[in-house]
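Top to bottom, those sequences are chains Z and Y. Numbering-wise (my numbering), the first sequence opens with residue 1 and increments by one. Numbering-wise (my numbering), the second sequence opens with residue 252 and increments by one.
These are calculated hints, taken from the structure and not from any lab test. Don't take every hint at face value.
Taking lysine-lysine pairs in the DSBU-like style, the calculated list, with each CA pair at most 35 Å apart, reads [stated by the list, open to error]:
(1) 360(Y) - 30(Z)
(2) 41(Z) - 292(Y)
(3) 41(Z) - 480(Y)
Quick list of simulated restraints, FRET-style, between CB atoms [stated by the list, open to error]:
(4) 124(Z) - 267(Y): 30 to 38 Å
(5) 40(Z) - 481(Y): 51 to 59 Å
(6) 396(Y) - 139(Z): 54 to 62 Å
(7) 262(Y) - 40(Z): 34 to 42 Å
(8) 124(Z) - 331(Y): 50 to 58 Å
(9) 316(Y) - 235(Z): 53 to 61 Å
(10) 238(Z) - 267(Y): 35 to 43 Å
Note that the structure is a prediction, hence the values are computed from the model and not measured. No residue lacks a Cβ here, since even glycine has one placed at the ideal position from N, Cα and C.
Number of protein chains: 2
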Amino acid sequence: MCQLLGMNANTPTDVMFSFTGFATRAEEHKDGFGIAFFEDKGVRLFVDTSSARESPVAEMVRRYPIRSENIVAHIRKATQGRVALENTHPFVRELWGRYWVFAHNGDLKNYAPRLHGAFRPVGNTDSERAFCWLMQELAKSHASVPSIAELTATLAELVPQVAAHGVFNAMLDNGQALWAHCSTQLHHIVRQHPFARASLQDDDVTVDFAQQTSPRDRVAVVVTEPLTKDEQWHAFAPGEMRVFVDGAPLA
Amino acid sequence: MCQLLGMNANTPTDVMFSFTGFATRAEEHKDGFGIAFFEDKGVRLFVDTSSARESPVAEMVRRYPIRSENIVAHIRKATQGRVALENTHPFVRELWGRYWVFAHNGDLKNYAPRLHGAFRPVGNTDSERAFCWLMQELAKSHASVPSIAELTATLAELVPQVAAHGVFNAMLDNGQALWAHCSTQLHHIVRQHPFARASLQDDDVTVDFAQQTSPRDRVAVVVTEPLTKDEQWHAFAPGEMRVFVDGAPLA
């Protein structure tokens, strides 16, 4: 099983603290890592086939405070598809003049959706097949970028069709919102005023968010397993999809 | 005007020497840089809106010897489109289950091609519009990845239609071949056995390729202006397109 990390904020926020804790878990998830940062409509994607603990690319991410409102990261333990760059999450595609970023944790059995549209997998993972199918079906459902509410309604119809094939903990982000679906394991937290201190679960690192934030900042973090030991994380229910906008889950 | 750098090799080759010389030219081209490395079918794309001289991302590229058979890099001086990540070359799209990387130096005047297919620009440069149009027309011309000869024939029909709108020095790469088109300025060199020493034009750096290579290695480098002062660079003719495979231009 891989692990997922997503962040959605109402102001450009760096993810160094969360990524440090997340990368610590890469010992067991050594078959690559990837992280995508939106910067307005643009996206930076860093991927590597070595572990997030050892990769010089991951080292740069930890040191370089890239600020973003939407981030999706993934550490990989290969279940389907060999260890190769083209099989490393997150995956990126363009639709309606927007980039879409996708990462998946889980395993889809005998999953061969009919791909007759403009999105074809480059690698050979179940995950990229699922992403291409979702993009294809979104492209059929709307003529241009719809509202977040409309996209959420369409995804609520599409995602269960993928999830029916196995375990589908997944994140999709278009720079405006982060959609997260839980099959088996996913947690979220919203950090907002008054900000407190937090200590990483897996590492001897503590941060005082109050010193790094302004009172109107709000940041949602979604992750496979809680990253900190002194904050209140909320578990997703199996089959639950949540959408995060401006650092908070929509009702 | 921006500057372009492309590399096509018959064995995974690092581009540190060439990129060092290329990045030196970023003083005048300070509106961002980008570099894409193919690794088999996968691609790594590093982009930044700061100068290649100052960007920590460029610093990592200079230090980290990523080896690739196909590389496209670009340093940007904005002519159309604001300085933003979504306007930074190279651009990447997927077609037929392969990634395609594109970078452009030049300026297309009043260029508004009809984009009715699956490729839409995310930013607002003439360059990304041209790339989307090329991808759209390639998608119409072939049902799946054609041979390099067939692709070259199709591109030979399409590219002049873009170039008719202004200056179109451009590179397209799909990890199998590098297509380079010259409107005004482009040079190439093939480095092969017996390898010699070379000294950068803009920087006090010399490399002895014989110490870093094996006799069967072959590397083609394509660049706006020659990078070294002691090698024989070949200028493209205006309107000329060349395709490079396994480190050499095809006849």
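Hints versus structure:
For the given pair, residue 360(Y) sits about 49 Å from residue 30(Z) by alpha-carbon distance, which is inconsistent with the 35 Å threshold. Of the supplied pair hints, the one linking residue 41(Z) and residue 292(Y) holds, its CA atoms being roughly 25 Å apart against a limit of 35 Å. As the CA atoms of residue 41(Z) and residue 480(Y) are separated by approximately 40 Å, the hinted pair breaks the 35 Å bound. Between residue 124(Z) and residue 267(Y) the beta carbons are some 31 Å apart, a value that agrees with the proposed interval 30 to 38 Å.
At about 44 Å, the beta-carbon gap between residue 40(Z) and residue 481(Y) misses the expected band of 51 to 59 Å. The hinted window of 54 to 62 Å between residue 396(Y) and residue 139(Z) is violated, with their beta carbons roughly 21 Å apart. Remark: the range hint 34 to 42 Å for residue 262(Y) to residue 40(Z) is upheld by a beta-carbon distance near 39 Å. Range check, residue 124(Z) to residue 331(Y): about 38 Å between beta-carbon atoms, so the 50 to 58 Å window is missed.
Restraint check, residue 316(Y) to residue 235(Z): a C-beta distance of roughly 43 Å breaks the suggested window 53 to 61 Å. A hinted range of 35 to 43 Å is violated for the C-beta pair residue 238(Z) and residue 267(Y), which are about 48 Å apart.
Of the numbered hints given earlier, the model fails hints 1, 3, 5, 6, 8, 9 and 10; all others are met.
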